[in-house]
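Student: The primary structure of each chain is shown beneath.
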Amino acid sequence: MGKEKGISRLPAGPEVVRWLFGSWSVLVFAFLYVPILLLTIYSFNDSKLNIRWKGFTLDWYRALFQNDVLLSAFKNSLIIAVVVTLLATVLGTVGAWLLYRYRFPAPRLLGLLIFIPMVIPEVLMGASLRLLFVSLHFPLGYWSVIIAHTTFCFPFVLIAVQARLDSLDPALEEAALDLGAKPAGAFWLVIVPYLMPAIISGALMSFTLSMDEYLVTVLTYSADAATLPIKVYGMVKRGLDPQLNALSALFIGATAVLVFTSEILRRQGSKQPQ
Amino acid sequence: MDLTAIKSDDNVLKPRPQLAAWSILSPLFFWLLIFVVIPTALLVVASFCDRDGLGRIVYHSNTENYLRAIKSPYPEIVGRSVYFATITTVICLLVGYPVGYFIGRSTEKMRNILMMLVMVPFWTSFLIRTYAWISILAQDGLLNGFLLWANITSQPLHMLYTPGAVVLGLVYNYLPFMILPIYGSAEKLDNALVEAAYDLGAGPVRAFSNIIIPLTKPGIVAGIMLVFIPSLGMFAISGLMGGGSQQMIGDVIYKQFSGANNPPFGAALGTLLLIIFAIGLWFSNRKQVQ
Amino acid sequence: MKINRSFIKTLLTVSVGLLACASSQAAEKLNIFCWSEYIPQSVVEKFQETTGIKVSVENYASNEEMLSKLSGGGSYDLIQPSEYTVEALIKADLLATLDSSAIPNLKNIGPKYLGLPFDPANKYSVPWMVGSVGIIVNTDKVKDDIKSFSDVFQPKFKKRIVVLDDARELVTAALSTLNINCNDITDENLAKARGVLKDWLPLVKVYDSDSPKTAMLNGDTDLGVVWSGEGALLQRENKKFKWVIPTGDSHQFVDNLCIPKKAPNKANAEKFINFILQPEISALISADFPYTNPNLEARKLLGDEALANTASFPPDQQAQKMILFKDVGKKASDIDALITDLRAE
Numbered sequence: 011m012g013k014e015k016g017i018s019r020l021p022a023g024p025e026v027v028r029w030l031f032g033s034w035s036v037l038v039f040a041f042l043y044v045p046i047l048l049l050t051i052y053s054f055n056d057s058k059l060n061i062r063w064k065g066f067t068l069d070w071y072r073a074l075f076q077n078d079v080l081l082s083a084f085k086n087s088l089i090i091a092v093v094v095t096l097l098a099t100v101l102g103t104v105g106a107w108l109l110y111r112y113r114f115p116a117p118r119l120l121g122l123l124i125f126i127p128m129v130i131p132e133v134l135m136g137a138s139l140r141l142l143f144v145s146l147h148f149p150l151g152y153w154s155v156i157i158a159h160t161t162f163c164f165p166f167v168l169i170a171v172q173a174r175l176d177s178l179d180p181a182l183e184e185a186a187l188d189l190g191a192k193p194a195g196a197f198w199l200v201i202v203p204y205l206m207p208a209i210i211s212g213a214l215m216s217f218t219l220s221m222d223e224y225l226v227t228v229l230t231y232s233a234d235a236a237t238l239p240i241k242v243y244g245m246v247k248r249g250l251d252p253q254l255n256a257l258s259a260l261f262i263g264a265t266a267v268l269v270f271t272s273e274i275l276r277r278q279g280s281k282q283p284q
Numbered sequence: 062m063d064l065t066a067i068k069s070d071d072n073v074l075k076p077r078p079q080l081a082a083w084s085i086l087s088p089l090f091f092w093l094l095i096f097v098v099i100p101t102a103l104l105v106v107a108s109f110c111d112r113d114g115l116g117r118i119v120y121h122s123n124t125e126n127y128l129r130a131i132k133s134p135y136p137e138i139v140g141r142s143v144y145f146a147t148i149t150t151v152i153c154l155l156v157g158y159p160v161g162y163f164i165g166r167s168t169e170k171m172r173n174i175l176m177m178l179v180m181v182p183f184w185t186s187f188l189i190r191t192y193a194w195i196s197i198l199a200q201d202g203l204l205n206g207f208l209l210w211a212n213i214t215s216q217p218l219h220m221l222y223t224p225g226a227v228v229l230g231l232v233y234n235y236l237p238f239m240i241l242p243i244y245g246s247a248e249k250l251d252n253a254l255v256e257a258a259y260d261l262g263a264g265p266v267r268a269f270s271n272i273i274i275p276l277t278k279p280g281i282v283a284g285i286m287l288v289f290i291p292s293l294g295m296f297a298i299s300g301l302m303g304g305g306s307q308q309m310i311g312d313v314i315y316k317q318f319s320g321a322n323n324p325p326f327g328a329a330l331g332t333l334l335l336i337i338f339a340i341g342l343w344f345s346n347r348k349q350v351q
Numbered sequence: 005m006k007i008n009r010s011f012i013k014t015l016l017t018v019s020v021g022l023l024a025c026a027s028s029q030a031a032e033k034l035n036i037f038c039w040s041e042y043i044p045q046s047v048v049e050k051f052q053e054t055t056g057i058k059v060s061v062e063n064y065a066s067n068e069e070m071l072s073k074l075s076g077g078g079s080y081d082l083i084q085p086s087e088y089t090v091e092a093l094i095k096a097d098l099l100a101t102l103d104s105s106a107i108p109n110l111k112n113i114g115p116k117y118l119g120l121p122f123d124p125a126n127k128y129s130v131p132w133m134v135g136s137v138g139i140i141v142n143t144d145k146v147k148d149d150i151k152s153f154s155d156v157f158q159p160k161f162k163k164r165i166v167v168l169d170d171a172r173e174l175v176t177a178a179l180s181t182l183n184i185n186c187n188d189i190t191d192e193n194l195a196k197a198r199g200v201l202k203d204w205l206p207l208v209k210v211y212d213s214d215s216p217k218t219a220m221l222n223g224d225t226d227l228g229v230v231w232s233g234e235g236a237l238l239q240r241e242n243k244k245f246k247w248v249i250p251t252g253d254s255h256q257f258v259d260n261l262c263i264p265k266k267a268p269n270k271a272n273a274e275k276f277i278n279f280i281l282q283p284e285i286s287a288l289i290s291a292d293f294p295y296t297n298p299n300l301e302a303r304k305l306l307g308d309e310a311l312a313n314t315a316s317f318p319p320d321q322q323a324q325k326m327i328l329f330k331d332v333g334k335k336a337s338d339i340d341a342l343i344t345d346l347r348a349e
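Chains as they are written, first to last, in this note's numbering: chain G, 11 to 284; chain S, 62 to 351; chain W, 5 to 349.
Bear in mind the hints are in silico, worked out from the structure with no lab data behind them.
Since we're looking at a predicted model, the values are computed, not measured.
Treat the hints with care, as some may be off.
A partial selection of chain S residues facing chain W, derived with a Cβ cut-off under 10 Å [as the list claims (entries may be wrong)]:
1) LEU115
2) LYS132
3) ASP201
4) PRO217
5) LEU221
6) GLY300
7) GLY304
8) GLN308
9) SER319
10) ALA321
11) ASN323
Computed footprint of chain G on chain S; a stretch qualifies when at least three of its residues, placed anywhere within it, have a C-beta under 8 Å from a C-beta of chain G [to be verified]:
12) 81-92
13) 96-104
14) 153-164
15) 170-182
16) 186-194
17) 285-296
18) 331-338
Just so it is clear, CB atoms sit at the ideal spot from N, CA and C, and this is done for glycine as well.
Make the full structure from the sequences, and use the hints.
Tutor: Below is the structure:
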């Protein structure tokens with residue numbers, strides 16, 4: 011079977027596909043980036059959102075840094091994100107390891123329970139947690155938001171660590187145990203360093219998800235725990251605002267840096283000696 | 062992308078956990094219990110409750126909320142949400158598949174660069190990405206500004222606050238969620254298989270539909286789920302891009318915990334939504350296993 | 005190994021640092037839950053400077069939204085309910101009594117705004133601003149003579165209308181065109197209102213209680229049913245915007261400052277109330293949000309142009325026709341449900 015196509019197989023096959031898909035990808039990347047790039051460019055425009063370029067200015071950035079409300083919200087977001095990252099990383103890593111190592115009862119049920127926070131629509135997660143807090147008379151504020159964020163962040167860490175565990179050589183732990191380490195010791199000295207790239211990437215993902223989260227936060231927060239996305243939403247609703255452009259540009263820049271850092275760490279991690 | 066977090070096949074070879082392991086894992090169990098299981102149960106319980114004049118929950122069991130939820134206009138809203146979610150998923154699939162595939166089959170260096178490029182919008186807050194489009198499409202936004210300046214139109218176009226704007230917002234938000242799993246699948250494709258597919262000589266179209274697409278099915282399914290499910294329950298985007306006249310089920314549920322002040326009704330709608338999801342997930346899981 | 009240890013150490017130090025930072029914020033606090041576009045940031049900042057109390061502000065766009073969050077576990081020191089909501093909250097015993105010795109500036113409020121039926125002794129509330137719901141028209145785009153709510157909701161204005169995202173206000177507008185008193189909420193009257201609203205709502209382009217003027221200013225809509233303060237701002241901004249007090253009933257609201265019973269910082273809340281009752285501060289509020297200011301001392305500082313704005317200070321005979329809302333108890337859920345059902349279509 012199979013036609014004899016000889017050496018001219020390539021143009022009809024993968025090359026065409028690569029060109030087609032490649033050019034399409036360029037268009038798609040343009041679609042993804044043009045809006046955010048425009049936001050960034052116009053954040054330097056010395057005019058209230060006119061298409062005409064009136065001159066370069068940092069005014070909007072200056073105003074941003076004097077905007078107490080936003081700065082205070084940013085501080086809240088940061089505090090919450092750091093605590094969430096810690097909790098999610100611990101829960102996710104320890105969870106992934108123990109589930110990998112031991113045979114716990116009802117593994118499919120556990121898997122489903124962990125899976126739920128990742129896919130459940132945020133409005134339902136927020137609403138159900140709100141009901142929980144109300145019935146427990148637990149006040150809404152920092153901790154209710156932290157709990158909510160952690161709940162949907164830790165499965166991401168868990169899955170990232172699990173993926174790395176998939177390629178773990180069992181001999182590694184055995185070697186550590188043979189050398190006299192207790193299981194806990196073996197975990198810290200040998201497994202954790204191996205898992206580090208996944209842990210860090212999971213942690214960075216948690217941090218970013220928490221910083222950006224609006225939908226769950228809006229259902230579980232209260233006045234003094236307002237996060238940046240909450241305030242940003244208020245601004246977006248009020249219409250176009252050059253300060254918002256500046257804020258967006260900063261966000262996008264920060265995200266780019268985070269992505270870049272995560273990638274470098276990941277590559278460093280995968281170069282670590284086994 | 063294996064969506065069940067725990068593989069049970071090689072379970073038998075693993076030791077049973079000792080007390081130490083149980084106690085270390087217990088925070089995870091408790092977390093899941095208290096913050097996932099119980100809230101969901103509360104949602105179901107609340108759906109059978111009532112509200113008082115001030116909107117507080119009154120534990121007086123009744124099925125009013127469900128009777129209301131199955132009457133017009135709620136089935137239509139669910140229908141509209143499914144419609145939007147489906148269109149979004151289809152567009153994301155058609156637009157995103159080639160990109161995911163292209164990245165997956167590129168050289169490692171290109172892959173890393175392209176993946177980073179996808180991640181940046183993916184990790185950027187959806188509010189900012191939505192605002193980006195608002196600033197373009199608004200009455201006094203960039204696109205209208207350009208059209209007027211270039212004399213292409215004499216009046217600003219009404220682009221925002223339309224169903225199209227909502228779909229655009231959804232697609233823009235969820236496209237990276239489709240690209241990533243497809244990239245994952247495409248990357249793992251065995252080179253030999255791919256070459257064989259083309260070697261069989263039927264041309265790229267056949268090679269794709271008969272061999273490559275089926276091979277990337279896990280990625281496609283994962284992508285569909287990662288786009289369809291969240292976009293079904295989405296709420297803020299329809300408000301920001303649609304002006305509140307294109308309400309989706311997520312908006313209505315959120316409203317019950319906000320201005321409409323009726324948590325039990327919101328809980329009932331939420332429970333129905335959960336049931337729809339559970340059924341859908343169960344079906345897709347069965348198909349995957351097959 | 006190195007990344008491992010130092011990474012964890014840094015993460016721990018940073019988070020402990022931030023948490024310490026967070027808890028050191030336990031200086032004097034005040035949590036305000038108020039309408040969006042009602043308390044100027046400048047006033048909040050002045051208060052912070054003068055007293056050193058750290059203020060956090062959360063916004064809502066309707067009384068029902070405020071009630072939802074209040075019963076949903078939010079902990080606030082100051083809320084801004086409208087007259088009918090104050091009535092409901094008093095009935096449910098959710099408000100703290102105000103310490104009048106802490107609020108001496110109450111004397112600046114005009115007598116006709118004190119002792120109102122919903123709180124006859126002002127034990128629980130202090131008036132913030134008075135206003136009404138009326139019609140705003142962009143006369144450049146709309147040449148018709150708009151006089152009543154029915155004039156607004158004509159098929160020719162399809163998708164050119166902005167309305168408040170407020171169930172009770174919408175029902176009131178509908179009842180007003182049927183000559184039914186807006187406090188006469190019965191199943192029968194709601195059914196009639198439903199018939200009217202069923203025709204009206206599909207004509208609406210934007211629902212917005214936060215800032216309906218935005219849709220008017222950027223040309224997305226040509227006319228609408230909005231708060232009087234928004235109407236006043238639009239009239240001030242451009243002469244093409246005209247504020248119309250509808251024929252038939254319309255809602256006059258009195259928004260108030262109240263302190264929830266469980267407020268953690270009651271004394272600070274009372275300080276804030278006293279602070280904004282000062283004439284200069286109240287005038288600042290009016291400058292940003294030109295509703296009808298009940299503070300007579302403040303009115304003296306407003307200037308002729310502001311006092312002449314018909315949206316801020318409607319002529320007496322028209323103001324007399326307006327109606328305050330009464331608490332309708334359980335029927336409130338029926339109103340909410342009605343609008344939810346209709347809007348969902």
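Student: Under 10 Å is the threshold here; is the Cβ of S/LEU221 close enough to any Cβ of chain W for the hint to stand?
Tutor: holds (8 Å)
Student: Any CB of chain W closer than 10 Å to the CB of S/LYS132?
Tutor: Holds: closest Cβ of chain W sits about 8 Å from S/LYS132, inside 10 Å.
Student: Is the interface hint for S/ASP201 satisfied, with its Cβ closer than 10 Å to some Cβ of chain W?
Tutor: Holds: closest Cβ of chain W sits about 5 Å from S/ASP201, inside 10 Å.
Student: Taking the least C-beta to C-beta distance, is S/GLN308 closer than 10 Å to chain W?
Tutor: holds (6 Å)
Student: Does the nearest C-beta of chain W fall within a distance shorter than 10 Å of the C-beta of S/LEU115?
Tutor: Holds - the Cβ of S/LEU115 comes within 10 Å of chain W, reaching about 5 Å at its closest.
Student: Can you take a look at whether the segment 96-104 of chain S is actually covered by chain G? Rule is 3+ residues, C-beta closer than 8 Å.
Tutor: holds (count 8)
Student: Are three or more residues of the segment 331-338 of chain S within 8 Å, CB to CB, of chain G?
Tutor: holds (count 4)
Student: For the hint on S/SER319, just tell me whether its beta-carbon gets within less than 10 Å of chain W.
Tutor: holds (5 Å)
Student: Does S/GLY304 hold up as a contact with chain W if the rule is Cβ-Cβ below 10 Å?
Tutor: holds (5 Å)
Student: Do the numbers back the hint for S/PRO217, that is, is its least Cβ distance to chain W under 10 Å?
Tutor: OK, holds: S/PRO217 within 10 Å of chain W, min 7 Å.
Student: Using Cβ atoms only, decide whether S/ASN323 comes closer than 10 Å to chain W, and label the hint accordingly.
Tutor: At 6 Å from the nearest chain W Cβ, S/ASN323 passes the 10 Å test, so the hint holds.
Student: Is the interface hint satisfied for S/GLY300? The criterion is a beta-carbon contact with chain W at less than 10 Å.
Tutor: Hint on S/GLY300: holds, closest Cβ of chain W at ~9 Å, below 10 Å.
In terms of the numbered hints stated before, the structure departs from none.
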